[in-house]
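Asker: So the sequences go chain by chain: C and L. Note that the numbering used here gives residue 97 to position 97 of the first sequence, counting from 1, and the numbers run on in steps of one. Note that the numbering used here gives residue 84 to position 84 of the second sequence, counting from 1, and the numbers run on in steps of one.
Don't read these hints as lab results, they were simulated from the structure. Backbone N, C-alpha and C define an ideal beta-carbon position, used for all residues, glycine too. One thing to keep in mind: the hints can contain errors.
Footprint (simulated), chain L over chain C, 3 or more residues, beta carbon under 8 Å [unchecked claim]:
1. 16-26
2. 34-43
3. 71-82
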Amino acid sequence: MSALIFFVSWICLAAGGLFCVTGALGLVRMPDFYTRMHAASVTETLGAGLILLGLLLQAGLTLIAVKLLMIGLLIFFTSPTATHALAKAAYARGLKPLLATDGSSSSKP
Amino acid sequence: MFAAVAAALLVALALALTRSFLGPTVFDRAQAANTVGTIALLLLAVIGFLTDRPEFLDLALVYGLLNVIGTIAVLKYFQYGNLGDSGDVDDGVQR
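Isolated chain C (complex conformation):
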């Protein structure tokens, strides 16, 4: 049983690290601000969630697990708030989203 928990926790940690790198890569590669924000949210939801879940499984039922849950709860509430404030501030300052114009195929699959 403990070997299974160990295995699952390493899977979660590896996937979380992968998602963090993916999100950060999207932050560099995406074409405009709003799409970059979308890429960055991958880091804050799946990346952080999976890494914290992996550490939680490693910790077992201790005070460390409670602290990890607190960090998870903090990220769960604050990262959407920060993203919302960011999008609202950028839009209020007149930053327009990059949209596909007629004749260009940049946003088509």
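Knowing the structure of chain C, use the given hints to seat chain L on it.
Answerer: Positioned in the frame of chain C, the structure of chain L alone reads:
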């Protein structure tokens, strides 16, 4: 294996820093700073496990709290021009 996760987080941190240097608008930089904060929080938690010192989790909690307050303060400053504003400005955006 914790070291591998820490290395992946460091790569992500470097990419986010790249965006904060490149970023054409201030909002790109604010987004990159927020991402750097989140990744640093995760890195602190992983380093706590890597070196077997769970006190690092407390640092991670405080870092997360400071990160969100800092992000929202910077955004309020760049949206309204000062930090004491009530937010009632007429800039044509429906709230």
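Asker: With reference to the structure, classify each hint as holding or not holding.
Answerer: Against the structure, the hints come out as follows:
Here the region 16-26 of chain C counts 8 residues with a CB under 8 Å from a CB of chain L, which clears the bar of 3, and the coverage holds. For the region 34-43 of chain C, the stated coverage by chain L holds: 4 residues have a C-beta nearer than 8 Å to a C-beta of that chain, and at least 3 were required. Counting residues of the region 71-82 of chain C whose CB lies closer than 8 Å to any CB of chain L gives 7, so the stated coverage by that chain holds, three being the minimum.
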